[in-house]
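S.K.: This is what each chain is made of:
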Amino acid sequence: MADDTKSPLDAVEDGPVASGSAEGADTTSTGSADDHPTVAALLAKYPDEVQRFRLMAGDQYVVWMEPARSHEILSWLKNDPDQLYDMMSDVTAVDYGHGRPLEVVYQMYSTHHGRALRIRCPLPLDALEIDSVYDLWKSVNWLEREVYDLFGVTFRGHPDLRRILMPDDYEEGHPLRKDFPLRGRFSRAEQTRRALNQDVERYYLAEDLGHGVPQEVAAAQTATALPGGDDEAAGAAPEGGQG
Amino acid sequence: MLPGGGPAKTTGGMFGPGSPTFLTSKVDALINWGRLNSLWPMPFGTACCAIEMMASAASNYDLARFGMERMSFSPRQADVLICAGRVPYKLAPVLRRIWDQMPQPKWAISMGACASSGGVFDVYSMVQGIDTIIPVDVYIPGCPPRPEGLIYGLMMIQEKIRQESLSRHFEHRAEDPALVAMPRASAEEVVGLTGAFGNSTQQDQLSTGIVVTPDIPGDDLLS
Chain S
1 MADDTKSPLD AVEDGPVASG SAEGADTTST GSADDHPTVA ALLAKYPDEV QRFRLMAGDQ
61 YVVWMEPARS HEILSWLKND PDQLYDMMSD VTAVDYGHGR PLEVVYQMYS THHGRALRIR
121 CPLPLDALEI DSVYDLWKSV NWLEREVYDL FGVTFRGHPD LRRILMPDDY EEGHPLRKDF
181 PLRGRFSRAE QTRRALNQDV ERYYLAEDLG HGVPQEVAAA QTATALPGGD DEAAGAAPEG
241 GQG
Chain Y
244 MLPGGGPAKT TGGMFGPGSP TFLTSKVDAL INWGRLNSLW PMPFGTACCA IEMMASAASN
304 YDLARFGMER MSFSPRQADV LICAGRVPYK LAPVLRRIWD QMPQPKWAIS MGACASSGGV
364 FDVYSMVQGI DTIIPVDVYI PGCPPRPEGL IYGLMMIQEK IRQESLSRHF EHRAEDPALV
424 AMPRASAEEV VGLTGAFGNS TQQDQLSTGI VVTPDIPGDD LLS
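So the protein sequences, as listed, match chains S and Y.
To convert, note that position 38 of the first sequence is 38 in my numbering; the numbers rise steadily by one, no gaps.
Position in the second sequence counted from 1, then plus 243, gives you my numbering.
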């Protein structure tokens, strides 16, 4: 996060400013690692991965981390007896525009220690990929799908990474990106035509809603089994005779 | 329609001896009277307008006074579709399907700013007026309209029914099977909905320069 791209949005990152303070954000407490055991532990255990941290909104510690080892670190945060962040409240993302990195945000809570923590992983716009943490928290299934749908972040290892809010065949892009035009990329007539050509039954079949994975998705996963790392999925499918 | 029930024409009717014991009227009047006093709404509530629609049906405003006794949650037993709220593109085929499932004769009310024009939601995901999807008889302005507004709109539907004639019924109501599940508005009309207005970002309607001219079957029938 270089400072040469300062914009009014940076004030959002700086958090609330105490009223009446002349210096503005400089007087706000940026927090101390001593006040949050997890931040101190992260700094000690992963000094190269933690970019920075700060206190926001009174009691919320935010840690910026390198995305490369995010899965390892998040796994440690969940399983280490001193951390035990067993509840992943939210996974979302922020696009700050101006070509700056898009940040994937993990909001988690430890019900054992009563602590909350927010992890932010900046991803450069030309490499929007990060490991899925579906194997750690099942709750991130739809959350990661939502981030993929609206921001275009690919979560490696997600079992069912497809659009969740926009139509399956939506071709205009990822709507919450800053480079997405407000009214979409197609004309209104084309949007209307595409909307009415949707196969409604495809989304709303009762058996699909009941059993989770629609048949067509299961078939598609079988047909496009990745060459590396996905062998067990292809082998498990009964009729996966692609090659 | 046979008042009095006199024994025979010759012995006198309701207007005195020798007057007929029957009245003449038009079948239109009878049928329209029946239809307009038993309108069953199909509620398609998607947002805050639906709250006002519920209030209209509740005891304080009591929509049943006007014949909307029963909110029909099956489109096959409904006469008037009330689209109350914003309609995203993902819901457009659902709305169209429900409209196609309603038996003739049927009418549609677009309730509120969002259903009528997209309202403040001039964005990528929102239908800019449901009249691009289904034919609309009455638009009710408001954000949301008060229950009186909805009742007034339904009474306008009633007035419209009162003016209808059975002899012209089919030319008014017949639908081309090729148009089922098709847009109601032509491509030019749909694009024109956003052409004249800017928005907060002064964005052109085709900001990326992609010009799409869809070939919609039956489009020429609508113009």
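What the hints contain is simulated information worked out from the structure, not anything from laboratory work.
Do not rely on the hints blindly, as some may be mistaken.
[Claimed, not checked] In the DMTMM-like style, the derived pairs of lysine to aspartate or glutamate whose C-alpha atoms are separated by at most 25 angstroms in a straight line are: (1) K333/Y <-> E171/S; (2) K269/Y <-> D305/Y; (3) K333/Y <-> D82/S; (4) K333/Y <-> E201/S; (5) K333/Y <-> D160/S; (6) K178/S <-> E103/S; (7) K333/Y <-> D80/S; (8) K333/Y <-> D169/S; (9) K333/Y <-> E66/S; (10) K333/Y <-> D199/S.
[What the hints assert, rightly or not] The following label-pair restraints were derived from C-beta to C-beta distances: (11) A41/S <-> P384/Y: 26 to 32 angstroms; (12) I294/Y <-> L125/S: 30 to 36 angstroms; (13) E431/Y <-> D199/S: 55 to 61 angstroms; (14) N303/Y <-> A41/S: 43 to 49 angstroms; (15) P420/Y <-> Q60/S: 34 to 40 angstroms; (16) C386/Y <-> D34/S: 23 to 29 angstroms; (17) E402/Y <-> P159/S: 56 to 62 angstroms; (18) E431/Y <-> D168/S: 25 to 31 angstroms; (19) I294/Y <-> W142/S: 55 to 61 angstroms; (20) A421/Y <-> R177/S: 35 to 41 angstroms; (21) D82/S <-> Q344/Y: 58 to 64 angstroms; (22) T92/S <-> R389/Y: 35 to 41 angstroms; (23) T92/S <-> V363/Y: 21 to 27 angstroms; (24) D199/S <-> N280/Y: 37 to 43 angstroms.
Quick caveat: nothing in here was measured; it's all calculated off a predicted structure.
Positions of the beta carbon are idealized from the N, C-alpha and C atoms, including for glycine.
S.K.: Each hint needs a verdict: does it hold in this structure or not?
M.R.: We went through each hint and held it up to the structure:
no., hint, result
1, K333/Y <-> E171/S, "13 angstroms, holds"
2, K269/Y <-> D305/Y, "31 angstroms, violated"
3, K333/Y <-> D82/S, "45 angstroms, violated"
4, K333/Y <-> E201/S, "12 angstroms, holds"
5, K333/Y <-> D160/S, "20 angstroms, holds"
6, K178/S <-> E103/S, "13 angstroms, holds"
7, K333/Y <-> D80/S, "43 angstroms, violated"
8, K333/Y <-> D169/S, "11 angstroms, holds"
9, K333/Y <-> E66/S, "37 angstroms, violated"
10, K333/Y <-> D199/S, "10 angstroms, holds"
11, A41/S <-> P384/Y: 26 to 32 angstroms, "59 angstroms, violated"
12, I294/Y <-> L125/S: 30 to 36 angstroms, "41 angstroms, violated"
13, E431/Y <-> D199/S: 55 to 61 angstroms, "27 angstroms, violated"
14, N303/Y <-> A41/S: 43 to 49 angstroms, "60 angstroms, violated"
15, P420/Y <-> Q60/S: 34 to 40 angstroms, "59 angstroms, violated"
16, C386/Y <-> D34/S: 23 to 29 angstroms, "52 angstroms, violated"
17, E402/Y <-> P159/S: 56 to 62 angstroms, "57 angstroms, holds"
18, E431/Y <-> D168/S: 25 to 31 angstroms, "29 angstroms, holds"
19, I294/Y <-> W142/S: 55 to 61 angstroms, "27 angstroms, violated"
20, A421/Y <-> R177/S: 35 to 41 angstroms, "38 angstroms, holds"
21, D82/S <-> Q344/Y: 58 to 64 angstroms, "59 angstroms, holds"
22, T92/S <-> R389/Y: 35 to 41 angstroms, "37 angstroms, holds"
23, T92/S <-> V363/Y: 21 to 27 angstroms, "24 angstroms, holds"
24, D199/S <-> N280/Y: 37 to 43 angstroms, "40 angstroms, holds"
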